[in-house]
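Student: Letter by letter, the chains look like this.
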Amino acid sequence: MDKKSTLKWLAWGMLIAGFFMASPLWGNAGEIPESLELQSLSELYEGVSFDHLLHMDMVGNCAACHHHGTGDPVEDENCARCHSYSKDTEVVSCGSCHPLEPFSPEYLREKEMDANRYHRDMPGLKAAYHQSCLGCHNEMGGPTGCQDCHPRTEAGDALFRAGAYAPESGAAAGHH
Amino acid sequence: MKNLIESGVPIVDSPTRGKGKRKWSLGEKLLLGLTPRQYLIQAIRNPLNWIIGVIFAIGIPLIAGRFLFGLSFVTHSSNDYPWGLFLAFGLFAMVPLSASGFMLGTTVEIFGRHDFQPIERLALLNGLLGYFFAVVYLLVDLGQPWRLPYPMVVSFGTAAVLFLVAWHVATYLSVQVAEVSASFFEWIGWLPGKRFIRKIAIGLTVSGIILSTLHQGALGALFTYAPGKVHPLWYSSSFLWIFFFCSAIPAGLCMVIAVSTIVKKTMAWRCDEEFLDKLDSLTIGLAKGASLALITYLAIKLIGVAHDNEWAYLATGWGQWFMLELFIGVVLPIALFAWAIHNNRLGVIRFTAFLTVFGIILNRINTALIAFNWKLYQEIPHWREVVVCLTLFAVYLVTYRFILYRLPILYTWREQTDTVEELAKEKITYPKGNPAPVEMFRSMDD
Amino acid sequence: MKGISRRRFLAASVIGGAATTLTMSKKAMGAGTFEGYPEGMGVLVDLTRCVGCRSCEAACNKEQKLPEPAMPFDDPSVFDQTGHGGQKRRPDENAYTVVNRYDPPGANHPLFRKLQCNHCNEPACLTSCFVSAYTKTREGAVVYNEKVCVGCRNCMIACPFQIPAYSYSSAFDPVIKKCIFCYDTRLKYGKPPACVEACPQGVLTFGHRKELIKIGQDRIKARPDRYVDHIYGETEVGGTGWMYLSGVPFEQAGFDTTLGKEPIISNVKEFLSTVPMVLAIWPALFTGFHLLARKKGHADEDHSHESQEDEKS
Numbered sequence: 001m002d003k004k005s006t007l008k009w010l011a012w013g014m015l016i017a018g019f020f021m022a023s024p025l026w027g028n029a030g031e032i033p034e035s036l037e038l039q040s041l042s043e044l045y046e047g048v049s050f051d052h053l054l055h056m057d058m059v060g061n062c063a064a065c066h067h068h069g070t071g072d073p074v075e076d077e078n079c080a081r082c083h084s085y086s087k088d089t090e091v092v093s094c095g096s097c098h099p100l101e102p103f104s105p106e107y108l109r110e111k112e113m114d115a116n117r118y119h120r121d122m123p124g125l126k127a128a129y130h131q132s133c134l135g136c137h138n139e140m141g142g143p144t145g146c147q148d149c150h151p152r153t154e155a156g157d158a159l160f161r162a163g164a165y166a167p168e169s170g171a172a173a174g175h176h
Numbered sequence: 001m002k003n004l005i006e007s008g009v010p011i012v013d014s015p016t017r018g019k020g021k022r023k024w025s026l027g028e029k030l031l032l033g034l035t036p037r038q039y040l041i042q043a044i045r046n047p048l049n050w051i052i053g054v055i056f057a058i059g060i061p062l063i064a065g066r067f068l069f070g071l072s073f074v075t076h077s078s079n080d081y082p083w084g085l086f087l088a089f090g091l092f093a094m095v096p097l098s099a100s101g102f103m104l105g106t107t108v109e110i111f112g113r114h115d116f117q118p119i120e121r122l123a124l125l126n127g128l129l130g131y132f133f134a135v136v137y138l139l140v141d142l143g144q145p146w147r148l149p150y151p152m153v154v155s156f157g158t159a160a161v162l163f164l165v166a167w168h169v170a171t172y173l174s175v176q177v178a179e180v181s182a183s184f185f186e187w188i189g190w191l192p193g194k195r196f197i198r199k200i201a202i203g204l205t206v207s208g209i210i211l212s213t214l215h216q217g218a219l220g221a222l223f224t225y226a227p228g229k230v231h232p233l234w235y236s237s238s239f240l241w242i243f244f245f246c247s248a249i250p251a252g253l254c255m256v257i258a259v260s261t262i263v264k265k266t267m268a269w270r271c272d273e274e275f276l277d278k279l280d281s282l283t284i285g286l287a288k289g290a291s292l293a294l295i296t297y298l299a300i301k302l303i304g305v306a307h308d309n310e311w312a313y314l315a316t317g318w319g320q321w322f323m324l325e326l327f328i329g330v331v332l333p334i335a336l337f338a339w340a341i342h343n344n345r346l347g348v349i350r351f352t353a354f355l356t357v358f359g360i361i362l363n364r365i366n367t368a369l370i371a372f373n374w375k376l377y378q379e380i381p382h383w384r385e386v387v388v389c390l391t392l393f394a395v396y397l398v399t400y401r402f403i404l405y406r407l408p409i410l411y412t413w414r415e416q417t418d419t420v421e422e423l424a425k426e427k428i429t430y431p432k433g434n435p436a437p438v439e440m441f442r443s444m445d446d
Numbered sequence: 001m002k003g004i005s006r007r008r009f010l011a012a013s014v015i016g017g018a019a020t021t022l023t024m025s026k027k028a029m030g031a032g033t034f035e036g037y038p039e040g041m042g043v044l045v046d047l048t049r050c051v052g053c054r055s056c057e058a059a060c061n062k063e064q065k066l067p068e069p070a071m072p073f074d075d076p077s078v079f080d081q082t083g084h085g086g087q088k089r090r091p092d093e094n095a096y097t098v099v100n101r102y103d104p105p106g107a108n109h110p111l112f113r114k115l116q117c118n119h120c121n122e123p124a125c126l127t128s129c130f131v132s133a134y135t136k137t138r139e140g141a142v143v144y145n146e147k148v149c150v151g152c153r154n155c156m157i158a159c160p161f162q163i164p165a166y167s168y169s170s171a172f173d174p175v176i177k178k179c180i181f182c183y184d185t186r187l188k189y190g191k192p193p194a195c196v197e198a199c200p201q202g203v204l205t206f207g208h209r210k211e212l213i214k215i216g217q218d219r220i221k222a223r224p225d226r227y228v229d230h231i232y233g234e235t236e237v238g239g240t241g242w243m244y245l246s247g248v249p250f251e252q253a254g255f256d257t258t259l260g261k262e263p264i265i266s267n268v269k270e271f272l273s274t275v276p277m278v279l280a281i282w283p284a285l286f287t288g289f290h291l292l293a294r295k296k297g298h299a300d301e302d303h304s305h306e307s308q309e310d311e312k313s
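Chains as they are written, first to last, in this note's numbering: chain A, 1 to 176; chain B, 1 to 446; chain C, 1 to 313.
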């Protein structure tokens, strides 16, 4: 098993563990988690402590974030063309549909083999989170800075050459 | 130099010294037959040498800097402006100014106009040196000049215009070396070599025409890769190569007039009487050719504007600059040439030749630098870039002069043993009624 | 290697210009239109999604082992940087991709655009290179062999997107630097480039170019209010591997919309096609002129000096 897939399994494991950790609370709110640790992608950034309850209270409508299958009618007109009467699905978590690695050769091949697939343009899990969260935060005036939701890890600082890894000024001044 | 000759010092113009049959040694030939002291004195007396000395003193360290610290040390060439003055002037302007070789070669060898022979060798040399120094400028500009032979031996980008330019300039350079080597063989006294060149002269000339047509045009075609970058008035995917080829004709001819004017003024001692006698009529002949070519060039430039329907651009600032370039470099020369040829005003013809040369240089710099990236911003060359250009040009001048002083370019190599003094007394006469009395390798015994 | 016979052939034709004819006609034929490899990969860039986080720049820097940047990648002040002549940032030897900010008129939020090599189907850089340093790989990447580069920088002249950059400051080994689609480390193995993997917003969609065009069309169809009805790069200069969707007219996001559909090499074809003609016609034409001119009365004279030469020696 190479490093990448280890990481992938580890990430999935954490995601599932996150659900189980939250599961005792599901009963109280109809199997809906009150808070989630979104750690599936934490590497450059720490995981996100997502206050699901707070967001539910603010939005008041599951379909605003979870396209369909939550009991609320579908909001997106385009989705509604097929899904306005879709039954509730068993799992509605983002990661159950949105792939962790949307551009891996395996996933691309899988998509290619499935000629009848409609959702050919499904964003990966990371993109789905960010588009959904950041899109709404922009509209509603929520925090939009990267580190407002997830502080950067040391690996992140190293990649971004920030913090302790910040370049000495003028060190890399190239050709005009 | 003039003083030395007046005082009777023999200058090398034949294989042997004086009446006796002693041959000039190579060292003596190199010093023109002067003693080292005499040679040094004439060199120090020449003010041009002092100017060139100053240019070298500043420029050569800069050239060294370019090779030690990279291109950014001397140029403003950037990612947006990959080509600067080295190529705009050194390659794109020097090459058309060197079209003289194939023009005069064609005139004399192909069209049989042997009356142009006195100036043919000067035109060939001008061509050779112009190309050679275009390559020198290129070597200074190339990122890895030591890889210049790569397109010939390592990796072939056969679909590229530059591949064609590289091959044709290289082959044409060898053709020109062969053409000019006739004078060199005379000078070192190896006659079989000269005879061999003489035999293949037609072949050389015809391949010269082919190669010139193609690479003069190819230099223009290089810019057809940049349709969005070169201003539409200077750009034409169909005609750019014809513009470059066509303008190279007056450029080469006017360059010969310009060089011969300078030669006549500054080294008349080296020219033989025939050259000096014929020069005025030859200049008129060249000017006639140049003005015809200029008229053609003007016509196709206008066709170019009409073909791509670029009239609206003429009303802009770019249009005015375009029209100014055409006026200075084409329209005005046409008018001046017409007037001066009609009235036999050689001074004006010579001035106009210089003007045309300037006009061509302006056109090439416009295409490669000024109208390039017209949507972005103007790049002004680094002062070091200008100095390096000047320095290389000074090397060109020194080389040019070195060869003209020595090889039988401006004078005829005499196979027998007259001194200059005696020759000066002797009036050369030609049989009357012969329209083309001069042969390149004529013998005085005729 | 196919070059061997040609190399010998070319070497033989150094002196005789006429022999070059065959090589040149090969050249003209080689300039046919090329639609791109069917299995070529690409990236669809959705500008409406980009938030300017520059994760792609950071990822590229790490993947390609580029030099340390002047400023941290999370420093937004780079968006206000202007280079020579007020130009926005462009890819260079230290950064194969850059994100720039635009403020389209009437928009209430800025627009970000990622710049990198677009990996054309028929790359101008490739066709202009006289040592064939560039290759368009089957996977769709335009890669560059720095071992043969002479440094003429014609590719930089030719690139309609002004992408190839040159390491001018290097004296002994200056080379062209540009995005290579992470070919060596990723694309070759079917993996997406580092920037695509790093993008949090799904701005970058990696896939087969043909599939990406369908995806782009679907997005436009699904949200006609969100997108301008055009995929930039679908047809521009013969099609590019990297394509763009935008919510504002493309010229407002700094795109050159005047490039047309023809690959750059099409502009050069007119000249290239004249080459074999000149090579074929000129020798006979000018030799003919020579013969005509000689018949006019210079015939004997033309021979005279040669015979004199012979007599003398």
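Check the hints yourself; a few may be wrong.
Unchecked claim - Every beta carbon over 12 Å from chain A, so not counted as near; a handful from chain C, in silico:
id: 1; residue: Phe79
id: 2; residue: Cys199
id: 3; residue: Val228
id: 4; residue: Leu259
As the list claims (entries may be wrong) - List of simulated lysine-lysine pairs, DSSO-like, C-alpha gap at most 30 Å:
id: 5; chain 1: C; residue 1: Lys269; chain 2: A; residue 2: Lys111
id: 6; chain 1: B; residue 1: Lys264; chain 2: B; residue 2: Lys288
id: 7; chain 1: B; residue 1: Lys278; chain 2: B; residue 2: Lys264
id: 8; chain 1: C; residue 1: Lys214; chain 2: A; residue 2: Lys111
id: 9; chain 1: C; residue 1: Lys210; chain 2: C; residue 2: Lys261
id: 10; chain 1: B; residue 1: Lys265; chain 2: B; residue 2: Lys29
id: 11; chain 1: B; residue 1: Lys375; chain 2: C; residue 2: Lys88
id: 12; chain 1: B; residue 1: Lys278; chain 2: B; residue 2: Lys265
id: 13; chain 1: C; residue 1: Lys261; chain 2: C; residue 2: Lys62
id: 14; chain 1: C; residue 1: Lys221; chain 2: A; residue 2: Lys87
id: 15; chain 1: C; residue 1: Lys210; chain 2: C; residue 2: Lys191
id: 16; chain 1: C; residue 1: Lys62; chain 2: C; residue 2: Lys88
id: 17; chain 1: A; residue 1: Lys111; chain 2: C; residue 2: Lys147
id: 18; chain 1: C; residue 1: Lys269; chain 2: C; residue 2: Lys62
id: 19; chain 1: B; residue 1: Lys375; chain 2: C; residue 2: Lys147
id: 20; chain 1: C; residue 1: Lys147; chain 2: C; residue 2: Lys188
id: 21; chain 1: C; residue 1: Lys214; chain 2: C; residue 2: Lys147
id: 22; chain 1: A; residue 1: Lys111; chain 2: C; residue 2: Lys188
id: 23; chain 1: C; residue 1: Lys261; chain 2: C; residue 2: Lys65
id: 24; chain 1: B; residue 1: Lys29; chain 2: B; residue 2: Lys375
id: 25; chain 1: C; residue 1: Lys65; chain 2: C; residue 2: Lys88
id: 26; chain 1: C; residue 1: Lys210; chain 2: C; residue 2: Lys188
id: 27; chain 1: C; residue 1: Lys221; chain 2: C; residue 2: Lys147
id: 28; chain 1: B; residue 1: Lys375; chain 2: C; residue 2: Lys214
id: 29; chain 1: C; residue 1: Lys88; chain 2: A; residue 2: Lys111
id: 30; chain 1: B; residue 1: Lys288; chain 2: B; residue 2: Lys29
id: 31; chain 1: C; residue 1: Lys191; chain 2: C; residue 2: Lys214
As the list claims (entries may be wrong) - Derived list of chain C stretches under chain B, where covered just means 3 residues or more per stretch with a C-beta under 8 Å from a C-beta of chain B:
id: 32; segment: 47-57
id: 33; segment: 65-73
id: 34; segment: 154-165
id: 35; segment: 173-180
id: 36; segment: 268-274
id: 37; segment: 278-286
For the record, the hints were derived by calculation from the structure and aren't laboratory data. Don't be surprised by glycine CBs; every beta carbon is placed ideally from N, CA and C.
Student: Sort out which numbered hints this structure fails and list those numbers smallest first.
Tutor: 2, 5, 13, 17, 18, 19, 21, 23, 24, 27, 28, 29, 30, 32 and 33
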